[in-house]
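Residue numbers (my numbering), protein chains in the order written: chain X, 1 to 451; chain A, 452 to 756.
Don't take each hint at face value.
As the list claims (entries may be wrong) - Heads up, simulated EDC-like pairs for lysine to aspartate or glutamate below, C-alpha to C-alpha not over 16 Å straight-line:
hint: 1; chain 1: A; residue 1: K741; chain 2: X; residue 2: D64
hint: 2; chain 1: X; residue 1: K181; chain 2: X; residue 2: E76
hint: 3; chain 1: A; residue 1: K741; chain 2: X; residue 2: D437
hint: 4; chain 1: A; residue 1: K741; chain 2: A; residue 2: D497
hint: 5; chain 1: X; residue 1: K436; chain 2: X; residue 2: D190
hint: 6; chain 1: X; residue 1: K272; chain 2: A; residue 2: E722
hint: 7; chain 1: A; residue 1: K633; chain 2: A; residue 2: E507
hint: 8; chain 1: X; residue 1: K239; chain 2: X; residue 2: E274
hint: 9; chain 1: X; residue 1: K181; chain 2: A; residue 2: E507
hint: 10; chain 1: A; residue 1: K633; chain 2: X; residue 2: D190
hint: 11; chain 1: X; residue 1: K215; chain 2: X; residue 2: D190
hint: 12; chain 1: X; residue 1: K330; chain 2: A; residue 2: E720
hint: 13; chain 1: X; residue 1: K289; chain 2: X; residue 2: E76
hint: 14; chain 1: X; residue 1: K106; chain 2: X; residue 2: D49
Simulated from the structure, these hints should not be mistaken for laboratory data.
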Amino acid sequence: MSKMPTRLVVCALLLSLSAAAFASAPADAPIVDASALPAAAGPPTGLADSAALRATVFGTPPQDMAPLPETVPLSEINIALPWARPVPAVYWFDRRLRVWISAQKKPAPLAIVIAGTGGDGNTSKLSILRGALYAAGYHVLTMPSPTFPGFIVSTSSTGVSGDLMQDSRDLYAAIVQILAKLPRRIQITDIDILGYSLGGANAAVVKSIDAGEHKLHIHRALMINPPVSLIESVSRLDKLFVTSIGPDDAAVERLYRQLYAQLANLYRASDKVELDESFLLGAAASVLKTDAEYSAAIALSFRLNLVDMFFAADLYTGAGVVTNPRHPPKVGDSLENAARRLRSMPFAAYFSRVFAPYYLKHRANATSASLIADNRLDIIADALRTDGDYYALTNSDDLILDAPELRWLQDTLGPRIVVYDHGGHLGNLGDRQQVKDMLEMLAGRWNLPAL
Amino acid sequence: MESARAVSTPRLIQLAVASLLLGSLAGCASQSVEIRSLPPDTPAADNAAAALIATELAGALASESASTASAKDAAAPPLVTPADAPSMATYDPWARLNRFTYRFNARFDEAVFLRVANGYRRLPSPLRSGVHNFFGNLAEVDNIINYVLQARPIRGLRSAARLLINSTIGIGGLIDVAKQIKLPAAPTGVSATLATWGVHPGPYLVIPLVGPSTLRDGIGLVGDFGAAHAVNLANLYRGNESWYLEGVNLVDQRANVDFRYYASGSPFEYETLRFLYVRKRLIEDSGLRKFAQPRPARPEVPAGE
Numbered sequence: 001m002s003k004m005p006t007r008l009v010v011c012a013l014l015l016s017l018s019a020a021a022f023a024s025a026p027a028d029a030p031i032v033d034a035s036a037l038p039a040a041a042g043p044p045t046g047l048a049d050s051a052a053l054r055a056t057v058f059g060t061p062p063q064d065m066a067p068l069p070e071t072v073p074l075s076e077i078n079i080a081l082p083w084a085r086p087v088p089a090v091y092w093f094d095r096r097l098r099v100w101i102s103a104q105k106k107p108a109p110l111a112i113v114i115a116g117t118g119g120d121g122n123t124s125k126l127s128i129l130r131g132a133l134y135a136a137g138y139h140v141l142t143m144p145s146p147t148f149p150g151f152i153v154s155t156s157s158t159g160v161s162g163d164l165m166q167d168s169r170d171l172y173a174a175i176v177q178i179l180a181k182l183p184r185r186i187q188i189t190d191i192d193i194l195g196y197s198l199g200g201a202n203a204a205v206v207k208s209i210d211a212g213e214h215k216l217h218i219h220r221a222l223m224i225n226p227p228v229s230l231i232e233s234v235s236r237l238d239k240l241f242v243t244s245i246g247p248d249d250a251a252v253e254r255l256y257r258q259l260y261a262q263l264a265n266l267y268r269a270s271d272k273v274e275l276d277e278s279f280l281l282g283a284a285a286s287v288l289k290t291d292a293e294y295s296a297a298i299a300l301s302f303r304l305n306l307v308d309m310f311f312a313a314d315l316y317t318g319a320g321v322v323t324n325p326r327h328p329p330k331v332g333d334s335l336e337n338a339a340r341r342l343r344s345m346p347f348a349a350y351f352s353r354v355f356a357p358y359y360l361k362h363r364a365n366a367t368s369a370s371l372i373a374d375n376r377l378d379i380i381a382d383a384l385r386t387d388g389d390y391y392a393l394t395n396s397d398d399l400i401l402d403a404p405e406l407r408w409l410q411d412t413l414g415p416r417i418v419v420y421d422h423g424g425h426l427g428n429l430g431d432r433q434q435v436k437d438m439l440e441m442l443a444g445r446w447n448l449p450a451l
Numbered sequence: 452m453e454s455a456r457a458v459s460t461p462r463l464i465q466l467a468v469a470s471l472l473l474g475s476l477a478g479c480a481s482q483s484v485e486i487r488s489l490p491p492d493t494p495a496a497d498n499a500a501a502a503l504i505a506t507e508l509a510g511a512l513a514s515e516s517a518s519t520a521s522a523k524d525a526a527a528p529p530l531v532t533p534a535d536a537p538s539m540a541t542y543d544p545w546a547r548l549n550r551f552t553y554r555f556n557a558r559f560d561e562a563v564f565l566r567v568a569n570g571y572r573r574l575p576s577p578l579r580s581g582v583h584n585f586f587g588n589l590a591e592v593d594n595i596i597n598y599v600l601q602a603r604p605i606r607g608l609r610s611a612a613r614l615l616i617n618s619t620i621g622i623g624g625l626i627d628v629a630k631q632i633k634l635p636a637a638p639t640g641v642s643a644t645l646a647t648w649g650v651h652p653g654p655y656l657v658i659p660l661v662g663p664s665t666l667r668d669g670i671g672l673v674g675d676f677g678a679a680h681a682v683n684l685a686n687l688y689r690g691n692e693s694w695y696l697e698g699v700n701l702v703d704q705r706a707n708v709d710f711r712y713y714a715s716g717s718p719f720e721y722e723t724l725r726f727l728y729v730r731k732r733l734i735e736d737s738g739l740r741k742f743a744q745p746r747p748a749r750p751e752v753p754a755g756e
């Protein structure tokens with residue numbers, strides 16, 4: 001009989017290559033006007049060294065992973081939100097917010113987990129966290145990042161993602177709606193919230209919003225590898241893109257040609273009948289070996305997320321960067337040119353052409369400088385400092401932080417942050433120590449060191 | 452309105468069923484919340500599988516670096532250079548139709564195909580692997596034919612041996628015994644045969660229910676299907692039962708593909724899949740024609756043409 005959906009398999013696999021090799025990337029933070037920033041001296045990668053870049057790309061080695069349960073029950077929730085804006089034609093499939101829940105059979109605390117930049121509510125990183133949390137007795141609700149296109153379309157009240165406070169407000173409102181619609185049999189005794197990368201910052205801000213609105217009574221918040229300044233973190237990634245790939249689309253094409261040749265040669269030297277997942281995993285290990293290659297993978301993955309954020313915001317605001325506001329693209333139109341043009345645009349362009357114009361218009365007294373300042377964790381610094389229910393886990397070689405930012409986190413959170421020596425950005429997510437510390441923090445068992 | 456009254460009851464039922472189907476295809480479920488139970492996550496098994504691959508990979512890399520110096524240089528195929536890479540554009544003259552089919556596939560998958568496949572995924576795993584092996588074993592017939600046509604007799608013999616061993620010791624193909632004695636499957640087909648003799652992939656083509664493909668792959672699909680029918684192994688391909696069998700095969704195939712339409716949330720999904728699919732096929736083609744003169748790079752020609 002036919003071997004038909006091998007075609008689909010293939011596509012899934014190649015997507016997972018872009019998602020595996022290219023994707024453990026710093027799913028991080030939006031926006032930057034690089035020109036508005038002092039040109040930071042030093043390497044383009046924050047605190048990262050070679051090992052950190054490698055860990056960032058390949059993630060936690062399977063043998064270092066904390067024990068995970070055999071099975072975790074899973075349901076998806078598709079929800080239409082009452083404040084949803086009219087959906088542009090080309091986003092016909094994104095009308096509803098999709099989140100995933102794993103429910104315990106008995107009353108239990110709920111852990112809400114938020115993905116990093118561009119991630120949906122079912123990334124492999126969320127799957128790891130879900131396994132660990134479910135095994136520890138939590139109901140687990142996993143949510144997409146507010147920068148995920150499906151979230152922007154179904155849930156964002158602006159269509160312009162990347163603003164820490166606005167995104168977190170949308171997230172908070174969505175969580176309130178979702179929890180109200182959960183079946184009665186899911187009995188929730190307490191609510192904690194966590195997230196990785198940008199999702200970590202979102203989680204902390206959501207808790208601080210709840211502290212004012214009291215709709216959910218969120219108990220503890222945990223940030224895993226959060227950015228401190230979204231803008232600074234992202235400008236590091238802009239810079240990484242330029243240094244590892246190049247400034248323009250010609251550079252992207254060069255990278256493509258080089259990767260194509262490497263993959264083709266590996267494939268021709270192999271005995272494989274199909275370019276499948278195991279081949280790609282092997283290929284990733286031999287294609288990605290140098291700092292420049294790790295950096296290119298990280299920067300490209302980040303850039304591809306930006307393309308989606310940029311396109312959505314351009315369409316929603318009618319900024320006209322790659323779409324014509326009078327004749328928005330229709331279902332079935334080719335979007336190839338838009339994608340190609342966006343590929344060579346950095347965050348600085350997103351900030352200056354879509355993000356800043358939108359927020360300057362809609363937020364009283366805002367300036368470019370105030371928008372940058374508002375996208376720092378500083379906006380909840382008091383809560384982080386005084387409320388004992390905020391926690392963080394990060395690495396001393398996380399490439400989205402620099403030394404002053406790491407110090408700021410340590411000063412602000414005091415004994416409620418753990419900084420591991422190695423792991424880069426999320427390269428130790430799910431390892432034994434990380435999971436143990438995460439569970440102790442969320443359960444309120446974190447032993448504050450005796451002073 | 453006038454004519455509606457004249458419609459008889461059975462006709463109404465038919466209409467209702469049809470409109471339900473259409474409605475679900477159009478994705479217009481009306482409640483504001485839909486909760487759908489999925490097959491469970493299996494993090495422990497996933498991680499064990501990842502660990503296994505990592506170990507094999509480390510072993511393969513080690514043995515490769517040991518053997519590179521000695522064996523490889525004599526018969527090494529010419530290297531592909533970055534200049535040989537196909538254009539980043541893809542040959543897609545039927546784009547409008549393809550995009551339409553892609554949307555249809557996405558809706559059908561969401562409304563029907565994926566739901567059925569998810570139900571199937573809840574069956575005990577030995578049962579599912581039995582079904583999967585069974586169809587893989589039947590496909591060996593097509594593999595044998597095509598390896599012969601590709602002038603690769605060793606591969607053909609391997610497929611024949613697999614068919615023989617798995618059909619007997621493997622209880623009609625339910626157990627892949629051959630794999631355990633180091634004769635792993637090496638599926639091929641008419642499209643690969645065409646590629647071996649230099650046929651280009653041709654225009655990108657999205658096939659209803661099947662998904663991303665090319666003209667050559669589509670023809671290959673028909674060819675594979677025809678070959679299986681012509682041989683008609685164990686008389687499985689004639690009569691009404693063959694429909695059920697083909698149906699189960701489709702569900703099994705779908706259940707083994709970890710892909711969901713528009714999980715990316717991105718309006719660029721069509722472009723992304725097209726790009727990746729055609730590059731993947733071109734690399735596989737170049738593997739089939741290792742020693743053929745590489746085609747001169749023509750950057751102005753879109754990939755696949």
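Results of checking the hints against the structure:
1. Between A:K741 and X:D64 the CA atoms are separated by roughly 39 Å; this puts the pair beyond 16 Å, and the hint is violated.
2. A distance of roughly 13 Å separates the Cα atoms of X:K181 and X:E76; the hinted pair therefore holds under the 16 Å criterion.
3. With a C-alpha separation of about 52 Å, the suggested pairing of A:K741 with X:D437 is violated against the 16 Å cut-off.
4. Simply put, A:K741 and A:D497 have alpha-carbon atoms about 35 Å apart, too far for the 16 Å limit, and the pair is violated.
5. Only pairs whose Cα atoms come within 16 Å are accepted, and X:K436 paired with X:D190 is rejected, the gap being roughly 20 Å.
6. Pair hint X:K272 plus A:E722 does not hold up; C-alpha atoms about 27 Å apart against a cutoff of 16 Å.
7. A threshold of 16 Å between alpha carbons decides the hint, and for A:K633 with A:E507 the separation of about 15 Å falls inside it, so the pair holds.
8. For the given pair, X:K239 sits about 36 Å from X:E274 by alpha-carbon distance, which is inconsistent with the 16 Å threshold.
9. Between X:K181 and A:E507, the direct Cα distance comes to roughly 46 Å. Violation of the 16 Å bound is thereby established for this hinted pair.
10. Distance hint between A:K633 and X:D190 is unfulfilled; the C-alpha atoms sit about 53 Å from each other, more than 16 Å.
11. In summary, the hint linking X:K215 to X:D190 is supported, as the alpha carbons are separated by about 13 Å, within the 16 Å threshold.
12. Distance restraint check for X:K330 and A:E720: the Cα-Cα separation of roughly 15 Å lies within the 16 Å cut-off, and the hinted pair is therefore satisfied.
13. A hinted pair counts as satisfied when its Cα atoms are at most 16 Å apart, and X:K289 with X:E76 does not qualify at roughly 38 Å.
14. Distance check on the hinted pair: X:K106 and X:D49 sit about 45 Å apart at the alpha-carbon level, beyond 16 Å; violated.
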